[in-house]
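Going down the list, the sequences are from chains A and B.
Note that full-length UniProt numbering gives residue 23 to position 23 of the first sequence, counting from 1, and the numbers run on in steps of one.
Note that full-length UniProt numbering gives residue 198 to position 198 of the second sequence, counting from 1, and the numbers run on in steps of one.
No lab work stands behind these hints, which were simulated from the structure alone.
Don't take every hint at face value.
Unchecked claim - Simulated DEER-style distance windows between Cβ atoms: (1) R208/A with R14/B: 43 to 51 Å; (2) G168/B with S106/A: 28 to 36 Å; (3) E222/A with H104/B: 43 to 51 Å; (4) S106/A with G144/B: 25 to 33 Å; (5) I195/B with E112/A: 29 to 37 Å; (6) R208/A with I195/B: 46 to 54 Å; (7) E155/B with G243/A: 53 to 61 Å; (8) T43/B with K235/A: 27 to 35 Å; (9) G224/A with V82/B: 53 to 61 Å; (10) A254/A with L185/B: 53 to 61 Å; (11) H128/A with E157/B: 27 to 35 Å; (12) I209/A with G144/B: 34 to 42 Å; (13) D107/A with I195/B: 49 to 57 Å; (14) R108/A with G144/B: 31 to 39 Å.
As the list claims (entries may be wrong) - Cut-off 25 Å, straight-line C-alpha distance, at most; resulting in silico cross-link-like pairs (SDA-like, lysine to any residue): (15) K80/B with E92/B; (16) K78/A with G144/B; (17) K78/A with S165/B.
Note that beta-carbon positions come from the ideal geometry of N, C-alpha and C, so glycine has one too.
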Amino acid sequence: MARASATAPSSARPGRHEFLSPEGLRADGRRQAEIRRFICKLETTDGRADGAAFVAQGNTHVAAAVHGPQDPSGSTRKMAHDRAIIVCELAMAPFAMGEWNPRGPSDRMLTEIAAMVEAVFEPLVLTHLYPGSQIVIQLRVAQVDGGLRCACVNAATLALIDAGVAMRDYACACTVGHVQGTLLLDVSAVEDGAGAELSVAYLPKVQRIALTHLSAAIPADELGEMLDLAIGGCKQVYDALDGHVREHMRLVAAGYGGSNAGF
Amino acid sequence: MADLVAVPGELLGRREDLVAGAGAYVDEDGGVRAYVVGLVRRTPLPSVDGRTQTATVCVDAGASVRASLMPNVGEIVVCKVVRINPRVANVEIMCTAGGSVVLHEPCAGIIRKEDIRQFDRDAVEMFKSVRPGDVINARVLSLGDSRSYVLSTAENELGVILARSVSGAIMVPLTFEEMQCPKTLSTEFRKVARIRDETSPLSQ
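Start from the sequences, fold in the hints, and give me the full structure.
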């Protein structure tokens, strides 16, 4: 009897409304300030795009392709004569959110995230180097499990690097959830649905914040702590991105005989 | 090798010691940083006062990055005629910067009838000036509307540089407005460019 009462209420597995167990573990076994499994891949292009990349943050999967800098003629968008314009096209698979939900190009959530990606990369890309042209970032979402904005930013960063577009820095993004008084890094959809979510895009080398987005109200005095946690998550993302880019570079260089011939 | 590779945002040095070359920029705090992935090359510069040593730093991304330069106003481009009508010729711009930069994908341009040649421009007949398939040199007049650049061939050095006759042979320029087919010896009208080349009969 004593055994049973000891195991029943204080089990290591968090309860239904409990997102951090007494041992400090979350429902998926992560600790509070731990990001999900981060997988990325460069140069996934089929040859038509100038740069392409794939990012999986946990179960959020985003593929990105970059076209350009290219001639904007033919598109109805405005062009600038002194710099490049950045256009983000975001599409989501109908099955991405778990239930069948086809979203058209005018879907509010998608256009909002696309506008956010444009806002992040507009100042980050050295657009004045490509006057009168456009850079198109195409994002395809296969699966969503929280942190969609961040996965989009991270995938776009990699694809722009693969395309060789001039950028001041990486943009690394990560979310922080404020769930029942506890702060959780890189929230999944289950954790996100229970509280507020702060998305932060961070420029790790320049050490600036490129974007913050808060999905719901939180106590103001906790914002600083959330930002610190998010920047820590962005640095973890940056380590993964940077490690992959350098590894990719090494392979490309080796493929060209290890000399400078490939560059 | 690893430390020779730079990624975007990587700090390469200070503005006092380095000059940012291709692939590098100077941030607002005076740090010289890379803006593409590539190999870092430092070229020492001659010292001004004999003591301080400066160098130019370039990040060479090589073939993986293409210089997609859109045509600028005033420069000479190489284009191919796509279709013509009595008022305007539609072309595809293939090379910019006088033919030295090949565009990744061609962009559209137009040549209006009045911009074909300098003299007697009202009497220009489009069908006697360019034909679809001709390769021409043209100057960018303006960036035009959102669809196409506006070009001009109203200079002696501008106009058709390569054209095929009706029978498919590459024609030889005869005069500034005629080209001859070497196969059938028939002549066709073109707005011929004077090419600065000793082997061309037109430049003599």
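Consistency of the hints with the structure:
1. R208/A with R14/B: 43 to 51 Å: violated (19 Å)
2. G168/B with S106/A: 28 to 36 Å: Given range 28 to 36 Å: violated, Cβ gap about 50 Å.
3. E222/A with H104/B: 43 to 51 Å: Since the Cβ atoms of E222/A and H104/B sit about 49 Å apart, the hinted range of 43 to 51 Å holds.
4. S106/A with G144/B: 25 to 33 Å: This hint holds: roughly 30 Å between Cβ atoms.
5. I195/B with E112/A: 29 to 37 Å: Since I195/B and E112/A have Cβ atoms about 55 Å apart, the given range 29 to 37 Å is violated.
6. R208/A with I195/B: 46 to 54 Å: holds (53 Å)
7. E155/B with G243/A: 53 to 61 Å: Taking Cβ atoms as reference, E155/B and G243/A lie about 55 Å apart, which means the hint holds.
8. T43/B with K235/A: 27 to 35 Å: Holds, at about 33 Å.
9. G224/A with V82/B: 53 to 61 Å: holds (60 Å)
10. A254/A with L185/B: 53 to 61 Å: Holds, since A254/A and L185/B (Cβ atoms, about 58 Å apart) stay within the stated range.
11. H128/A with E157/B: 27 to 35 Å: holds (31 Å)
12. I209/A with G144/B: 34 to 42 Å: holds (40 Å)
13. D107/A with I195/B: 49 to 57 Å: holds (55 Å)
14. R108/A with G144/B: 31 to 39 Å: Distance hint for R108/A, G144/B holds at roughly 35 Å.
15. K80/B with E92/B: The given pair, whose Cα atoms are some 5 Å apart, holds under the 25 Å limit.
16. K78/A with G144/B: holds (13 Å)
17. K78/A with S165/B: Given that 25 Å is the threshold and the Cα spacing comes to 41 Å, the pair is violated.
Going down the numbered hints, you'll see the structure goes against 1, 2, 5, 17, while the others check out.
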